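Novice: Sequence:
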Amino acid sequence: MPPPGRGNPRVPSPGPLRPYTPPDLSSIPHMDGTPSYNSSDLIHNNGSLSSPTASNNTRTDETSKDNQPNVGPYIVGSPIDLGNIDNVDNIGLRLDPVLRRNVRGRTREHIELQEAPASELNSEVGPIRAENGGSQGEDPSSHQYDASDERVVFVNAPHQPAKYKNNHITTAKYSILSFIPMFLFEQFRRYSNCFFLFIAIMQQIPDVSPTGRYTTLVPLLFILSVSALKEIVEDIKRHRADDEINMREVEVLRDGRWQWIQWRNVAVGDVVKVHNNNFFPADLILLSSSEPQGMSFIETANLDGETNLKIRQAHADTAILLDTAELMNFRSNIQCEPPNRHLYEFHGVLRETNKQSVPLGPDQLLLRGAMLRNTKWIFGVVIYTGHDTKLMQNNTTTAPLKRSTLDRLTNTQILMLFFMLILLCLLSAIFNVIWTNSNNTGLWYLGLNEEMTKNFVFNLLTFIILYNNLIPISLQVTLEVVRFVQATFINMDIEMYHAETDTPAMARTSNLNEELGMVNYVFTDKTGTLTKNVMEFKRCSVGGKIYDFPNPTAGIDSPGVSNSELVKDIIEGRAMKGSSRPTDKKKYNHSIILHDFMIMLSVCHTVIPEKIDNRIIYHAASPDERALVDGARKYSYVFDTRTPAYVEIIALGERQRYEILNVIEFTSARKRMSIIVRTPTGKIKLLCKGADSVIYERLNPRSPSVSEDDFRQTTLEHLEIFATDGLRTLCFASTEVPENLYQRWRDTYHNASISMTDRESKLDHAANLIENNLTLLGATAIEDQLQDEVPETLQALLRADINVWVLTGDKQETAINIGYSCRLITHGMPLYIINETSLDKTREIIVQRCQDFGDDLKHQNEVALVIDGNTLDFALSCDIRMDFLDLCSACKVVICCRVSPMQKAEKAHIGVGISGVEGLQAACASDYSIAQFRFLKRLLFVFTAAPPLAMGLFDKVCSAETHLAHPGLYATKNTGESSFNIKVFWVWIINALIHSSLLYWLPLMVLKQDVVWSNGKDGGYLLLGNFVYTYVVVTVCGKAGLIINSWTWVTHAATWGSIILWFLFIFIYSNFWPVLNVGAVMLGNDKMLFSSPVFWLGLILIPSAVLLLDVTAKAVKNTVWKSVTAAARENEIRKSDPGDIFNGQDYRSSLTETARLLKNVKSVFTRRSNATSRANVEVELSHGFAFSQEEGGSVTQTDVIRAYDTNLPKPGGM
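Going left to right, the sequence shown walks through residues 1 to 1214 as the UniProt record's numbering numbers them.
Hints in this document: simulated from the structure, not taken from any laboratory.
In this text the structure is predicted, and so the values were computed from the model without any measurement.
All residues carry an ideal CB built from backbone N, CA and C; glycine is no exception.
Hints are supplied without guarantee of correctness; some may be wrong.
Unchecked claim - Taking lysine-lysine and the DSS-like style, the derived pairs with C-alpha atoms no more than 25 Å apart in a straight line are:
(1) Lys587 <-> Lys568
(2) Lys376 <-> Lys532
(3) Lys611 <-> Lys273
(4) Lys545 <-> Lys577
(5) Lys587 <-> Lys683
(6) Lys841 <-> Lys858
(7) Lys1210 <-> Lys611
(8) Lys983 <-> Lys956
(9) Lys1122 <-> Lys1135
(10) Lys1122 <-> Lys983
(11) Lys983 <-> Lys402
(12) Lys545 <-> Lys585
(13) Lys545 <-> Lys587
(14) Lys1114 <-> Lys1039
Claimed, not checked - Simulated restraints, written as ranges between beta carbons of each label pair:
(15) Leu426 <-> Glu450: 20 to 26 Å
(16) Phe489 <-> Thr215: 30 to 36 Å
(17) Thr405 <-> Trp1047: 26 to 32 Å
(18) Pro210 <-> Ile430: 17 to 23 Å
(19) Thr1198 <-> Asp886: 45 to 51 Å
(20) Asn276 <-> Ser889: 45 to 51 Å
(21) Leu177 <-> Asp886: 46 to 52 Å
(22) Tyr214 <-> Ser889: 48 to 54 Å
(23) Asp886 <-> Ser1136: 40 to 46 Å
(24) Asn589 <-> Glu249: 55 to 61 Å
Model the full structure from these sequences, guided by the hints.
Specialist: Shown next as structure tokens:
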């Protein structure tokens, strides 16, 4: 049996060719006379396809045995059984084995946070290869679905066999219909609101309530109104952000012409045309493109965080559809699996009229959220829309109803207060019964013998209403107002406004403001968050000399570029040819090395040049390769033309042609790429680039005759310099291959490539036969550009005792490079690398690493942990989850690479999206959105909330500048009274009980002898109440003044204004009656109160006495146990540098002795079985090797090189 060909083989037809199903659904059952069959008959037990004859015999036998009709998927609203339609199969039974055996797979299994059963991991198919060469350990067949859920899509048809979701997406919390029930559910899962509602209802019963009917109802309605307004405003912002996406436009083929329509109107079955640098509006099947063989390049950074471009290729049968007329005549249907969240899986089949069925896989799938790159246009047919797309299946469809820690804590404590309230009410009701029974005869005028007075339940409800202020409704009011106004402050903060993209910060929900001051862990994505996803050639080391990248002020092809030091050395060295002087010979030899190095940069790659208006635009799947080729152009070595057989470059103005003989592809295991070329002089050369570890071990042995010119050690030193700067490095080497040796090797390599057994290892062996005795040329340094101030922001977060985890879909080497460039990982910091393929191995290595720390496991150490997504899946299993958590807590930095979107989408307390880049999906689903990662520092360090209105909005420990300059202030958030916890809550409750006792008993003692005025008259219980409440207002304002850190005119106005407003309220309310029919009992109370000398004397003495204990405690604390924040505030008031506090004392957990020893050990701990040696891995990782390239796809790097002929024009797609 011949080996399956690369690409997409056809599925052998089980019978005669069958026609395309027309859009007129009524005619479907009568298309032909072909009898229905059971698709499972096509597959024997061993999974192979039977012949058509055998299938027919089987169908005959089955028909004779059982005449029952097949049960298949039905069209919604129609009795038509799709199982009986002759060109609609059960894809779940028929297609899977075909695809698994015939399609060169690039299906990467989506990782879920659960351990796969052993039966799945040990299936005969074997582990699925990941896109970048890793194994994800699960077989895709483990994801089963009901055959009735399979989707049938008619291409270019006005009707579909079922009603599918539209393409409108929403990330908002509410709709018009769901707002009221969801809002009320959100509000009344707070115990306090339930309690206030109960009190408000009880107050409507006249004989039960001793207070007014609206005393609680009006504040409760105010709370709900403010909350509703806040939620409406915030959700409108979410809807507007969604509308921005839904109203984007794309070209759709309708009514025989291309029409620009909005994304939300795109429907399943539509044929769309997507242009370069545009997002895909839905999940599409690629039909054709502007590139050869239907190839297209896509960027999936928004989906999986990977920076390299992916290559997708249309099937050969559809790649010929290059204009509108051909698309209009294209009649087919697509049968595919139901919507699911697995990004790297797809099974489908395409059927055309009178043609064999065509299998479809992930190589033909273009996902919403991905962007078309380096491809002029593509034609695609829509198969999943809206919330059926894989992007939305992986996202939370609506913004979650999150609750802050403060809400959850106060909710629980309010429940405790409610139990206290019930206890007090029970005691009061019991003692009321006792007192009533003992006084019912002497105090007859009080009506103690009435039934209502003796009713225990009646009295209990009365006391609950009377004591309801124990649970303060004003707290909820002020919290809602503070949150709403502070969210406005965030939105208006000019310091978090990004002028380049015209993007302000946005608080998409204000319920979590106080959470910003309680962050312990930051989980950050890499692509678009830490980096710009822009690669730039910065420096190179050639022949032992460092050359900085030319930076001309003029254009790329300006004459000034040729005046760079590297080009000068080449030109001057060539002039020394034939000279006998040793220095001249050295210059000449160095010029040859420089020339060979630049030739290699221009030739050894998979870049595609495109000429537009006499300018060359480079397209590449690997951003590293594009940066290298673009860098060579700036040194006047211009890559000009690619054809399937050769490439042409313009080297210092001279056009040269290099014939491409063989391509030995890059893989994560090989860590290198080689091209064998025939030079213009007829020589055969092997050009090899890759990680320094694999290049150095393949260099020719050192020879004494050339030792004086050997620059290997110098290049290693340069690599160390590049790595210190956080640059990504590649080493370049070459060798000349004799003709006879090449011919023998070519036969060996060809035989390995067609081997039916152990092909991969044979190819590796063949590659090793020729990739040796290399001559080192030099090394390059590429910068993966970070966003502005990313290292500084991360260092500030670490100094604030915030643990930083980087989650990325990129491969391990790239993730580690970013760790170095962000300064999360420092050179000399040990790396714990955990890449395991089973639960047992993962358990073993995690337990071993925990034991390595010993007693230091409970402390943070200067160690970085690097783990891939597959191992993370195992590590989060139940039995080792806590050990893994301990290990992570012991490491200063954790980097998770190859992480799936669902792993990154684990629910966070606070979601912060970066909205200043293309693709706003993450920002739309976040709680806060900022334009740049650096703004996170200000968002966390400056914006926090406190409950009291004026304090919550305007109080601050130190200025914003001090907080930003000294992140250590944030690290004190969990100490003392700076944070809110159960202890703090009950300390304040006890403090309030003491205050309330003093504020009641002291005025009562003052008025005990009824001496209020000089005339000896008595004021009654109302006067006592006004005494007490006035002293309460003054005491509360005084207490607020004690804890205020920053006095502004607003806090002064709020503090003293509250006291003044109370006095005005007494004056006004005491004169309402009889003008207004309210407050009759208060008539004249202002004159009685203000005319009493006892009142004014008590106004000075009683609040002072009550607050004496608080003043003493605060003075002792700020003197004896002064906190860091108090010291910083005092230094700021004195206008001295608060940094002296942090310089003089280390408030962070100190390193243990073992950690200090570890810090000085230059080693990398790894358990990778495929590592060549520990030394090689250390060199490779410490030097920041990375080479972004897609692996394992249906379109190989060789295919790309052989497919393009840039001398030919591209189709227009019209």
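Novice: Hint by hint, note whether the structure agrees.
Specialist: Status of each hint after checking the structure:
For a cut-off of 25 Å, the pair hint linking Lys587 to Lys568 stands: about 11 Å separates their Cα positions. As the CA atoms of Lys376 and Lys532 are separated by approximately 23 Å, the hinted pair is consistent with the 25 Å bound. A threshold of 25 Å between alpha carbons decides the hint, and for Lys611 with Lys273 the separation of about 23 Å falls inside it, so the pair holds. For the proposed pair Lys545 and Lys577, the alpha carbon gap of about 20 Å is at most 25 Å, so the pair holds.
With a C-alpha separation of about 24 Å, the suggested pair Lys587 and Lys683 falls inside the 25 Å cut-off, and the hint holds. The hinted pair formed by Lys841 and Lys858 meets the criterion: a straight-line CA distance of about 23 Å does not exceed 25 Å. Restraint check for Lys1210 and Lys611: satisfied, since their Cα atoms lie roughly 11 Å apart, inside the 25 Å limit. With a C-alpha separation of about 22 Å, the suggested pair Lys983 and Lys956 falls inside the 25 Å cut-off, and the hint holds.
Taking the CA atoms of Lys1122 and Lys1135, the gap is near 18 Å; set against the 25 Å cutoff, the hint holds. Distance hint between Lys1122 and Lys983 is fulfilled; the C-alpha atoms sit about 19 Å from each other, no more than 25 Å. Using a Cα cut-off of 25 Å, the hinted pair Lys983 and Lys402 holds, with the two alpha carbons roughly 24 Å apart. The suggested pairing of Lys545 with Lys585 holds, with an alpha-carbon distance near 16 Å, which does not exceed 25 Å.
Restraint check for Lys545 and Lys587: satisfied, since their Cα atoms lie roughly 12 Å apart, inside the 25 Å limit. Distance hint between Lys1114 and Lys1039 is fulfilled; the C-alpha atoms sit about 11 Å from each other, no more than 25 Å. Separated by about 22 Å at the C-beta atoms, Leu426 and Glu450 satisfy the suggested range of 20 to 26 Å. Between Phe489 and Thr215 the beta carbons are some 32 Å apart, a value that agrees with the proposed interval 30 to 36 Å.
Between Thr405 and Trp1047 the CB atoms are about 28 Å apart, so this pair conforms to the stated range of 26 to 32 Å. In this structure the supplied range 17 to 23 Å holds for Pro210 paired with Ile430, their Cβ-Cβ distance being about 18 Å. Between Thr1198 and Asp886 the CB atoms are about 47 Å apart, so this pair conforms to the stated range of 45 to 51 Å. Range check, Asn276 to Ser889: Cβ separation about 46 Å, and the 45 to 51 Å hint holds.
Hint check: Leu177 to Asp886, Cβ distance near 47 Å, so the stated range 46 to 52 Å holds. Remark: the range hint 48 to 54 Å for Tyr214 to Ser889 is upheld by a beta-carbon distance near 53 Å. Between Asp886 and Ser1136 the Cβ separation comes to about 41 Å, which falls inside the hinted range of 40 to 46 Å. Between Asn589 and Glu249 the beta carbon distance is about 59 Å. The supplied range of 55 to 61 Å therefore holds.
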